[in-house]
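J.: Position chain D relative to chain F; hints supplied.
2 protein chains.
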Amino acid sequence: MKVRVFVGLKPGVLDPAGEAVKGGLHHLGYPDVASVRCGKFFDLDVADGPDAEARVAKMADQLLANPVIESFRVEVLP
Amino acid sequence: MKVRVFVGLKPGVLDPAGEAVKGGLHHLGYPDVASVRCGKFFDLDVADGPDAEARVAKMADQLLANPVIESFRVEVLP
Chain F
5 MKVRVFVGLK PGVLDPAGEA VKGGLHHLGY PDVASVRCGK FFDLDVADGP
55 DAEARVAKMA DQLLANPVIE SFRVEVLP
Chain D
5 MKVRVFVGLK PGVLDPAGEA VKGGLHHLGY PDVASVRCGK FFDLDVADGP
55 DAEARVAKMA DQLLANPVIE SFRVEVLP
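So the sequences go chain by chain: F and D. Numbered by this note's numbering, the letters in the first sequence go through residues 5 to 82 in order. Numbered by this note's numbering, the letters in the second sequence go through residues 5 to 82 in order.
The shape of chain F in the complex, shown without the other chains (with noise of 0.2 Å):
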């Protein structure tokens, strides 16, 4: 099965990244661009079972993430 993980910055965390992209996009002519946060996704091909999801939400939480600035997100994929 198709499961998507999503991986941010918690509430509150600087994003430095987001920060250069709203300045690159300012630079470019889009002013109103009044904020950016960057993100990551993974897209896992996992054996389906019906402890997928959770087992996922494992690995995020041991590899994907880092749980002490980072909040993920499990979506399982159609």
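Some clues are possibly wrong.
As the list claims (entries may be wrong) - Distance condition first, Cα-Cα at most 30 Å in a straight line; then the derived DSSO-like pairs of lysine-lysine:
1) Lys26/D / Lys44/D
2) Lys6/D / Lys44/F
3) Lys6/F / Lys44/F
4) Lys62/D / Lys44/F
5) Lys26/F / Lys6/D
6) Lys26/D / Lys62/F
7) Lys44/D / Lys14/F
8) Lys62/F / Lys44/F
9) Lys14/F / Lys62/F
10) Lys14/D / Lys26/D
11) Lys62/D / Lys44/D
12) Lys44/D / Lys6/D
13) Lys26/D / Lys44/F
14) Lys44/F / Lys26/F
15) Lys62/F / Lys14/D
16) Lys26/F / Lys14/D
17) Lys14/D / Lys44/F
18) Lys26/D / Lys6/F
19) Lys44/D / Lys6/F
20) Lys6/D / Lys14/F
21) Lys26/F / Lys44/D
22) Lys44/D / Lys62/F
23) Lys26/F / Lys14/F
24) Lys14/F / Lys62/D
25) Lys14/F / Lys44/F
26) Lys6/D / Lys6/F
27) Lys26/F / Lys62/D
28) Lys14/F / Lys14/D
29) Lys62/D / Lys62/F
30) Lys14/D / Lys44/D
31) Lys14/F / Lys26/D
32) Lys6/F / Lys62/F
33) Lys6/D / Lys62/D
34) Lys44/D / Lys44/F
35) Lys62/D / Lys14/D
Unchecked claim - With beta-carbon atoms standing in for the labels, derived distance ranges:
36) Asp49/D / Arg77/F: 15 to 21 Å
37) Lys6/D / His30/F: 29 to 35 Å
38) Ala24/F / Leu32/D: 29 to 35 Å
Simulated from the structure, these hints should not be mistaken for lab results. Don't be surprised by glycine CBs; every beta carbon is placed ideally from N, CA and C.
T.: Just chain D now, kept in the frame of chain F:
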């Protein structure tokens, strides 16, 4: 309005980061992970307007994605 831009490698483009994550997950005891593809997303807060989605697509094409190896998708967040 809040808009999310998904940026991912085009099919067929090698993903060394995804391969490294897959290796890491195998190493951690998840041998059933058949593939991993990495991507990025950007959450933008832009001015409302009928052309907002089209403008964000232009931003993605100009700055957020590398059109040679990446494709993108714009999603308006609720």
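J.: Hint by hint, say whether it matches the structure.
T.: To see whether the hints hold, each was checked on the structure:
Distance restraint check for Lys26/D and Lys44/D: the Cα-Cα separation of roughly 17 Å lies within the 30 Å cut-off, and the hinted pair is therefore satisfied. Among the hinted pairs, Lys6/D with Lys44/F is consistent with the structure: their alpha-carbon atoms are about 17 Å apart, no more than 30 Å. Taking the CA atoms of Lys6/F and Lys44/F, the gap is near 16 Å; set against the 30 Å cutoff, the hint holds. The suggested pairing of Lys62/D with Lys44/F holds, with an alpha-carbon distance near 21 Å, which does not exceed 30 Å.
Annotation: proposed proximity of Lys26/F to Lys6/D holds, straight-line Cα distance about 14 Å (limit 30 Å). Annotation: proposed proximity of Lys26/D to Lys62/F holds, straight-line Cα distance about 14 Å (limit 30 Å). Taken as a hint, the Lys44/D and Lys14/F pair is honoured in the structure, with Cα atoms around 16 Å apart against an allowance of 30 Å. As the CA atoms of Lys62/F and Lys44/F are separated by approximately 17 Å, the hinted pair is consistent with the 30 Å bound.
Taking the CA atoms of Lys14/F and Lys62/F, the gap is about 18 Å. The hint holds against a cut of 30 Å. For the suggested pair Lys14/D and Lys26/D, the alpha carbons sit about 18 Å apart, so the restraint of at most 30 Å is met. For the given pair, Lys62/D sits about 17 Å from Lys44/D by alpha-carbon distance, which is consistent with the 30 Å threshold. Taking the CA atoms of Lys44/D and Lys6/D, the gap is about 16 Å. The hint holds against a cut of 30 Å.
Annotation: proposed proximity of Lys26/D to Lys44/F holds, straight-line Cα distance about 15 Å (limit 30 Å). This hinted pair checks out: Lys44/F and Lys26/F have alpha carbons roughly 17 Å apart, not beyond 30 Å. Of the pairs offered as hints, the one joining Lys62/F and Lys14/D holds, with about 28 Å between alpha carbons and a cut-off of 30 Å not exceeded. Simply put, Lys26/F and Lys14/D have alpha-carbon atoms about 25 Å apart, close enough for the 30 Å limit, and the pair holds.
Simply put, Lys14/D and Lys44/F have alpha-carbon atoms about 16 Å apart, close enough for the 30 Å limit, and the pair holds. Distance check on the hinted pair: Lys26/D and Lys6/F sit about 14 Å apart at the alpha-carbon level, within 30 Å; holds. With a CA separation close to 17 Å, the supplied pair Lys44/D and Lys6/F stays within the 30 Å bound. Using a Cα cut-off of 30 Å, the hinted pair Lys6/D and Lys14/F holds, with the two alpha carbons roughly 17 Å apart.
A threshold of 30 Å between alpha carbons decides the hint, and for Lys26/F with Lys44/D the separation of about 15 Å falls inside it, so the pair holds. Of the supplied pair hints, the one linking Lys44/D and Lys62/F holds, its CA atoms being roughly 21 Å apart against a limit of 30 Å. Restraint check for Lys26/F and Lys14/F: the C-alpha separation of about 18 Å stays at or below 30 Å, so the hint holds. Between Lys14/F and Lys62/D the CA atoms are separated by roughly 28 Å; this keeps the pair inside 30 Å, and the hint holds.
This hinted pair checks out: Lys14/F and Lys44/F have alpha carbons roughly 13 Å apart, not beyond 30 Å. Restraint check for Lys6/D and Lys6/F: the C-alpha separation of about 27 Å stays at or below 30 Å, so the hint holds. For the given pair, Lys26/F sits about 14 Å from Lys62/D by alpha-carbon distance, which is consistent with the 30 Å threshold. Among the hinted pairs, Lys14/F with Lys14/D is consistent with the structure: their alpha-carbon atoms are about 28 Å apart, no more than 30 Å.
About 37 Å separates the Cα atoms of Lys62/D and Lys62/F, which puts this hinted pair outside 30 Å; it is violated. Taking the CA atoms of Lys14/D and Lys44/D, the gap is near 13 Å; set against the 30 Å cutoff, the hint holds. With a CA separation close to 25 Å, the supplied pair Lys14/F and Lys26/D stays within the 30 Å bound. Note on Lys6/F and Lys62/F: the hinted pairing holds, with a Cα-Cα distance of about 16 Å set against a maximum of 30 Å.
The suggested pairing of Lys6/D with Lys62/D holds, with an alpha-carbon distance near 16 Å, which does not exceed 30 Å. For the hint pairing Lys44/D with Lys44/F, the CA-to-CA distance comes to about 4 Å; that is within 30 Å, so the pair holds. With a C-alpha separation of about 18 Å, the suggested pairing of Lys62/D with Lys14/D holds against the 30 Å cut-off. Roughly 20 Å separates the CB atoms of Asp49/D and Arg77/F, a value that falls within the hinted 15 to 21 Å.
Between Lys6/D and His30/F the C-beta distance comes to about 18 Å, which lies outside the given range of 29 to 35 Å. Hint check: Ala24/F to Leu32/D, Cβ distance near 32 Å, so the stated range 29 to 35 Å holds.
The structure shown violates the earlier hints numbered 29 and 37.
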